[in-house]
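Place chain B with the ligand on chain A using the hints.
Listed here are the chains, written in short residue letters.
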Amino acid sequence: MYRYDSFDREFVRSRVAQFRQQVERRIDGSLTEEEFKPLRLMNGLYLQLHAYMLRVAIPYGTLDSRQMRQLAHIAERWDKGYGHFTTRQNIQFNWPRLKDVPDILDALADVEMHAIQTSGNCVRNITADHFAGAAADEIADPRPTAELLRQWSTDHPEFAFLPRKFKIAVSGSPVDRAVTRAHDIGLRMIRNGVGETGYEVSIGGGLGRTPVIGSVVRDFLPVADLLPYVESILQVYNAIGRRDNIYKARIKITVREHGIDAFRERVEQRFRIQHKAFTSAHQALLKRISAMFAAPAFIEAPTGAFDAALARDPVFRSFVDTNLHPHRNPQYAIVTISLKAHGATPGDATAEQMRVIADLAERYGHDEIRISHEQNCILPHVHKRDVPAVHAALREADLATSNVGLASDIIACPGMDYCNLATARSIPIAQDIATRMKERGDERQVGDLKIKISGCINACGHHHVGHIGILGLDRAGVENYQITLGGDGTETAALGERVGPGFAADDVVPAVERLIDTYLVLRSDEDEAFLATYRRVGMQPFKAALYPDTVLAAGR
Amino acid sequence: MGRGNSGILVRDTGFRDDDWRGEFVQWSGEEDHSALPDLAALDVENTASAEDIVPLFERIALIRIAFPSHMDGRGFSLARHLRLLGYRGRLRAAGHILADQYTMARRSGFDEVEIDPDFAERQSEEQWLFRADWRTHDYQERLGRRQ
Ligand code: SF4
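Chains A and B, in that order, are what the protein sequence lines are. Heads up: the first sequence begins at 1 in this note's numbering, then just goes up one per residue. Heads up: the second sequence begins at 1 in this note's numbering, then just goes up one per residue.
Don't read these hints as lab results, they were simulated from the structure. Where is the CB? At the ideal position from N, CA and C, for every residue including glycine. Be aware that a few hints might be false.
[What the hints assert, rightly or not] Interface residues of chain B toward chain A, partial, derived using beta-carbon atoms under 7 Å:
id, residue
1, 77
2, 143
3, 145
[Said to hold, decoys possible] Derived DEER-like restraints, expressed as beta-carbon distance ranges:
id, chain 1, residue 1, chain 2, residue 2, range
4, B, 124, A, 13, 23 to 29 Å
5, B, 61, A, 223, 38 to 44 Å
6, B, 54, A, 25, 40 to 46 Å
7, A, 524, B, 70, 57 to 63 Å
Chain A on its own, in the form it takes in the complex:
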């Protein structure tokens, strides 16, 4: 894992000191809320429906037990005892008091964490594959790249006042778990013909009100050119991105209006002078960073306990089935801890649960934890012999829900329950769907199904890339939910297509059930997942199931 050196430490402390002074000026009235706003946003502090909300970055989703315990401590001491993990590898505290925020930031700095650039029109928290450094299918660990980008983007003098926010994601595997194609810049680590690693760079992806799958701007970028090239992209965007209309300010619109070829030409033109812009210091730093991400000292031990538990215990078997993923070391497993217990708020964790996860990471997981954009926690390195013990401990803490990748493993944004931009609730819809799936008892038979819910058009719940996407809108004061089908956030990225008119809140669960039942009838066999069936048969049968004639007639 990356460790702060004195430079990082002093930087973060100086930012806290600046913010402490700004909060004092706000509280004594010498700053108005309007003047204070850009300053607090630079430090991740939002004003929400009921209170301030502090968004803390978990860079590329990696943290250790000490950091997790500190998050638990913050939740207990300054909030209501829980935190909310978001779809961008951040954690949000929903109830901090303004006067406490500098202390919270100091507590974060104590464990090498911060809330810098989690909001505002700047480069946001860099996200990465949550299985980084562990996945069997990985080409290279994306985290050194993400850390280099974190440092580069921190306080970047040119890019703190961009036309709009800017999101970068990095994936180190051909299997894209970081949704790179839905980011302003997506970096996929690849190998070229002669075996060198580099990046495939895509730009202009994004969800929100105008969802776009990113376009490749450079099919192979050598590792050493990363910062000069990314800086060129940002310079072009900063110069020609639109500032007259907030809805047209993201780079996806710039790319669309100018065309990817013309945009690429401008970037390459800037890039030609960018070689003068840097010494090779960043490459030396990248080497140092990479060394810090060396794999832990894996243990050699028999895995008999794992096999025995598998043979003996059906509950363990189903946990292994859904919550374990192949590790690059065959004696190990990647264990996902679902934060989606049926009926709970997706992504919420109590302080107590955070401590359980921290303890398990320390005891059985080489002290590493990851947070996924799917709002779950991950122990990336667990020796198989220890999985039964981990599972038993998770069961005791109510954290052993075996539903990763299934219908109840829903991504949902905070929606109307917290967010002042929301047009509808999303958490209760997720809870209802999950509860119903439990009652039906067939979600394992249904298999791989990604349901994603957003409470407004801003699409923080990634509904466009859900196999089933649900978007909550406001129709004359009444919540109305639109359903899209066929979205995909992986390397075969696709945007979901809207099926038809929306549904009232109470009709969403039955609608989802009709979709699932239709799939169960149509699938060629048990191995054909929902998305594959949808791609094979198309929308029509699903549309017919959602809108039987009578409903259509009544609606007209």
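For chain B with the ligand alone, kept in the frame of chain A given last:
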């Protein structure tokens, strides 16, 4: 002709009166600038193209880039671009710039910031001096990004 020079300059040492005595010529990017006086000062919008100004680099002593709003960061990239293209003359950011942005201006290649006197009343010299230590805590420097 560009705007006059009645503003207050901010430098690392604090406030001072503008010492530039000459006129500012508005750069439009299109006109024939053969008549430009030697060592002139140029007023440039933040939408200008740095490349277009390159032929004039030897003939101008000062470039003043307008900041129409503190939320508009185009001027930072323009300054950086001018520097990378080899401009060595004086570079000034003028307009709506917050004291909290002083560090960004200096790191982007500006030598100084020009603000209106009434703006200087609200954003006191003390607030600017608080951010005058722009060389410390600079990630870009550690990454080898040249100033
Ligand atoms: S999608 Fe809308 S409602 Fe949900 S968190 Fe984002 S802005 Fe808020």
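Hints, one by one, checked against the model:
A least Cβ separation of about 4 Å between residue 77 of chain B and chain A falls short of the 7 Å threshold, and the interface hint therefore holds. At a threshold of 7 Å, the smallest CB-CB gap from residue 143 of chain B to chain A is about 4 Å, leaving the interface hint in force. Hint status for residue 145 of chain B: holds, given a least beta-carbon distance of 5 Å to chain A, under 7 Å. Checking the proposed 23 to 29 Å range against residue 124 of chain B and residue 13 of chain A shows it holds: the Cβ atoms sit about 25 Å from each other.
Distance hint check: the CB atoms of residue 61 of chain B and residue 223 of chain A are about 41 Å apart, consistent with the given range 38 to 44 Å. Taken as a hint, the range 40 to 46 Å holds for the pair residue 54 of chain B and residue 25 of chain A, whose Cβ atoms sit roughly 43 Å apart. For the pair residue 524 of chain A and residue 70 of chain B, the beta carbons lie near 59 Å from each other, so the given range of 57 to 63 Å is met.
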